[in-house]
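Following the hints, complete the assembly by docking chain F onto the known chain D.
2 protein chains.
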Amino acid sequence: MKAINVGLLGIGTVGGGTWTVLTRNQEEITRRAGRPIRITAVADRNLDLARGLVGDTVKLTDDAFALVKDPDIDIIVELIGGYTTARQLVLEAIANGKHVVTANKALLAVHGNEIFAAAQKQGVMVAFEAAVAGGIPIIKALREGLSANRIQWIAGIINGTTNFILSEMRDKGLSFDAALKAAQQLGYAEADPTFDIEGIDAAHKATLMASIAFGIPVQFDKAYVEGITQLQAKDIRYAEQLGYRIKLLGIAKRKANGVELRVHPTLIPGKRLIANVEGAMNAVLVQGDAVGATLYYGKGAGAEPTASSVIADLVDVTRLHTADKHHRVPHLAFQPDQLTDFPILPIEEVETAYYLRMRADDKPGVLADITRILADLGISIDAMLQKEPDEGEDQTDIVLLTHVAKEKAVNAAMAKIESLDTIAGKVTRIRLEELNG
Amino acid sequence: MKAINVGLLGIGTVGGGTWTVLTRNQEEITRRAGRPIRITAVADRNLDLARGLVGDTVKLTDDAFALVKDPDIDIIVELIGGYTTARQLVLEAIANGKHVVTANKALLAVHGNEIFAAAQKQGVMVAFEAAVAGGIPIIKALREGLSANRIQWIAGIINGTTNFILSEMRDKGLSFDAALKAAQQLGYAEADPTFDIEGIDAAHKATLMASIAFGIPVQFDKAYVEGITQLQAKDIRYAEQLGYRIKLLGIAKRKANGVELRVHPTLIPGKRLIANVEGAMNAVLVQGDAVGATLYYGKGAGAEPTASSVIADLVDVTRLHTADKHHRVPHLAFQPDQLTDFPILPIEEVETAYYLRMRADDKPGVLADITRILADLGISIDAMLQKEPDEGEDQTDIVLLTHVAKEKAVNAAMAKIESLDTIAGKVTRIRLEELNG
Numbered sequence: 001m002k003a004i005n006v007g008l009l010g011i012g013t014v015g016g017g018t019w020t021v022l023t024r025n026q027e028e029i030t031r032r033a034g035r036p037i038r039i040t041a042v043a044d045r046n047l048d049l050a051r052g053l054v055g056d057t058v059k060l061t062d063d064a065f066a067l068v069k070d071p072d073i074d075i076i077v078e079l080i081g082g083y084t085t086a087r088q089l090v091l092e093a094i095a096n097g098k099h100v101v102t103a104n105k106a107l108l109a110v111h112g113n114e115i116f117a118a119a120q121k122q123g124v125m126v127a128f129e130a131a132v133a134g135g136i137p138i139i140k141a142l143r144e145g146l147s148a149n150r151i152q153w154i155a156g157i158i159n160g161t162t163n164f165i166l167s168e169m170r171d172k173g174l175s176f177d178a179a180l181k182a183a184q185q186l187g188y189a190e191a192d193p194t195f196d197i198e199g200i201d202a203a204h205k206a207t208l209m210a211s212i213a214f215g216i217p218v219q220f221d222k223a224y225v226e227g228i229t230q231l232q233a234k235d236i237r238y239a240e241q242l243g244y245r246i247k248l249l250g251i252a253k254r255k256a257n258g259v260e261l262r263v264h265p266t267l268i269p270g271k272r273l274i275a276n277v278e279g280a281m282n283a284v285l286v287q288g289d290a291v292g293a294t295l296y297y298g299k300g301a302g303a304e305p306t307a308s309s310v311i312a313d314l315v316d317v318t319r320l321h322t323a324d325k326h327h328r329v330p331h332l333a334f335q336p337d338q339l340t341d342f343p344i345l346p347i348e349e350v351e352t353a354y355y356l357r358m359r360a361d362d363k364p365g366v367l368a369d370i371t372r373i374l375a376d377l378g379i380s381i382d383a384m385l386q387k388e389p390d391e392g393e394d395q396t397d398i399v400l401l402t403h404v405a406k407e408k409a410v411n412a413a414m415a416k417i418e419s420l421d422t423i424a425g426k427v428t429r430i431r432l433e434e435l436n437g
Numbered sequence: 438m439k440a441i442n443v444g445l446l447g448i449g450t451v452g453g454g455t456w457t458v459l460t461r462n463q464e465e466i467t468r469r470a471g472r473p474i475r476i477t478a479v480a481d482r483n484l485d486l487a488r489g490l491v492g493d494t495v496k497l498t499d500d501a502f503a504l505v506k507d508p509d510i511d512i513i514v515e516l517i518g519g520y521t522t523a524r525q526l527v528l529e530a531i532a533n534g535k536h537v538v539t540a541n542k543a544l545l546a547v548h549g550n551e552i553f554a555a556a557q558k559q560g561v562m563v564a565f566e567a568a569v570a571g572g573i574p575i576i577k578a579l580r581e582g583l584s585a586n587r588i589q590w591i592a593g594i595i596n597g598t599t600n601f602i603l604s605e606m607r608d609k610g611l612s613f614d615a616a617l618k619a620a621q622q623l624g625y626a627e628a629d630p631t632f633d634i635e636g637i638d639a640a641h642k643a644t645l646m647a648s649i650a651f652g653i654p655v656q657f658d659k660a661y662v663e664g665i666t667q668l669q670a671k672d673i674r675y676a677e678q679l680g681y682r683i684k685l686l687g688i689a690k691r692k693a694n695g696v697e698l699r700v701h702p703t704l705i706p707g708k709r710l711i712a713n714v715e716g717a718m719n720a721v722l723v724q725g726d727a728v729g730a731t732l733y734y735g736k737g738a739g740a741e742p743t744a745s746s747v748i749a750d751l752v753d754v755t756r757l758h759t760a761d762k763h764h765r766v767p768h769l770a771f772q773p774d775q776l777t778d779f780p781i782l783p784i785e786e787v788e789t790a791y792y793l794r795m796r797a798d799d800k801p802g803v804l805a806d807i808t809r810i811l812a813d814l815g816i817s818i819d820a821m822l823q824k825e826p827d828e829g830e831d832q833t834d835i836v837l838l839t840h841v842a843k844e845k846a847v848n849a850a851m852a853k854i855e856s857l858d859t860i861a862g863k864v865t866r867i868r869l870e871e872l873n874g
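Residue numbers (this note's numbering), protein chains in the order written: chain D, 1 to 437; chain F, 438 to 874.
No lab work stands behind these hints: they were computed from the structure.
Honestly, I wouldn't trust all of these hints.
[To be verified] These stretches of chain D come out as covered by chain F in the derived footprint (C-beta under 8 Å, 3 or more residues):
#1 25-34
#2 143-155
#3 270-281
#4 325-336
#5 423-429
Here the structure is a predicted model, which means the values were calculated and not measured.
Glycine included, C-beta positions come from ideal geometry on N, C-alpha and C.
This is chain D alone, in the form it adopts within the complex (with noise of 0.2 Å):
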């Protein structure tokens, strides 16, 4: 059968990588797809770089607008990133007619509506498994795999850089700064880290899988994001002393009145499988009810390993490429008539366990006050860590699990423990999950 022809929007990291692969593994691509896939066309700002890498077998071109129309292209492939450009070329691309992979979780987080809804309208396909944990085929198994199950609640470790600062942290007893300054120099982090260390990375795979996992619109806006940032060496000391790791998890889960969408620092039970997932590996655990739980791990960023999704997006396309609407997967999971609008839930109305650490002074009657408290609130405490005084000193560290209670509650719990006087300064608190279906 005739070849396909994959027009390429940025041939950096990604999409040197992808590249790399489609050229190295052509015969076996070829052999399973049924057809050549090809990049015959490329664009690029950096029109040497692009042809040090491709030479002069493709089309090169720094006009990506004029990409997106050449009449020869079948797909677009777009990996420049970012939400302004890349999204009125993604616009451009589907209203020529083209079906687009994208590794561009940003922009489809934010924009995802509009762009699944023009190529719905235009009868193309929009693939981004390249877009949520790099080489995992997560959006496959949620999207495909899974198909048979209500999903209940997914829980991932998506973003590499914070694992791997996480995992330095525990290991080598490192404050964030010194593990993200590590990050940097191993080339983890970026010299600008905010999306990841912020949770933002982390936030638009978590929208795109709960979206997929619940069938409701792409809502990143309603995300709860909370980073790394603020965590302290100490913290995850004494998580590991009650048997639990810290981790940056994208949490989407299923509750009676709407969904839970949060990225936040989790303490999750040092013995689960996900528990174990080190450095800068990316894992995401999914509980269906008929299957239970599964987890998919391995690389979740890197050059071929998210060259691996993308490609596999275009040997779907390529298979569908010709095929009708009904034969394809929904950009969603859900038919796009059947996304419902069940709501995301205010951070506020999210249940879950606590972890409350808090400074106290070394006298009785604290840990009563703070237990009243807590009880007045609802909120029953499932295991305490106090720890003696540093000698000379007359505080000490007061670290409480909380059983699952409301946010809102712990609000007020936490308000009112740091207006006692035997208590200094904020109660630091960190969510929990069990992870146990």
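The following block gives chain F in isolation, referenced to the frame of chain D:
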């Protein structure tokens, strides 16, 4: 759109689970599939049992051969198991233009080539996600999610019964027989556990994965199969002391001159995520050249987990029901005319590392004799464990871990070691895989 009508052959554990999940999640599955998927007929020898489950709402028959010809049925779900009747029914269903979904790994591992060829000729699909690793969507991951990759190897814990037994042996220091009894009492092992404990079930699954990964026909008869019945509690203990766990792995590995396809107890480093898969859980580790290592974990058996995969296949088949052949994913991942005759290597040609345990006289020179034999055959030693003789004994256990060597050389070394006067009885050999890419 018009509902898809499914005929169910066998309404035992998995069949019952399929009915239950499809009924419970009907609305959500329809929202995904775009049309209702309904079990409209059931064939089972036990009509009373079937009626008790599905009531009078569906056609009930004890004549499965009539059902596979029923013109009202679009897809046949085969959950009878076994090679003989199941084969006839599946071929008959295909001949009648029905798509087939099956959980029958034995059937496909042995008669897959015949069945897939018949399906190809008739233009129907045979889907079998449920045949490997229960609810884990591993077939989809291998066949579609990793289609960019040259798969290098697969190593899977793909039999829950044996993994449960091995976990019990390690946790509680039980003998194999005691652990098997515990597994039977808890329903994790059948009254006749041969297929599981002898590794045959795992080999069926490994055979299917090898075909999909490497683009070769199914060749169960070429698989090397060794179960866990000879495993001693002390080997699990010694392995632990050396930093390893023993798991029954199904391994498929691409080598320059062919494919290794083997099932046997295997030492794997205790720090690997897959080493910590306990009880009846399954996990498959896949190494691809682009993506690196990815791991898939979940329940490998049970009514609803297996039903999860059966129904995911039903949704896929429903979607592509009326599509052209080239819109569909090939049965064995590669286009049917693109399978190769890349050979399965005989076990003597396998290259791996080894755990060797022997009972030796506790006197000078013994170790020198053993290491000389190994060195002469080009086998180098990675680690050694020598126990003090128990009180009153003049023999002791010596455990050696070798670097990677050819099985043939290790066989020769074992024979020579066993012929030493200072060695009592046979050498125990367990293969070892580092699983590090």
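These are the hints, each one checked on the structure:
Note: the segment 25-34 of chain D has 7 residues with beta-carbon separation from chain F under 8 Å; the three-residue rule is met and the coverage holds. With a cut-off of 8 Å between beta carbons, the segment 143-155 of chain D has 7 residues touching chain F; three or more are needed, and the interface restraint holds. Only residues whose beta carbon comes within less than 8 Å of a beta carbon in chain F count, and the segment 270-281 of chain D has 3; three or more means the coverage holds. Given a C-beta distance limit of less than 8 Å, the hint that chain F covers the segment 325-336 of chain D holds, as 8 residues qualify and 3 suffice.
Proximity of the segment 423-429 of chain D to chain F, defined as three or more residues with a beta carbon under 8 Å from a beta carbon of that chain, is not established by the 0 residues found.
Comparing the model with each earlier hint shows a violation of hint 5 alone; every other hint is respected.
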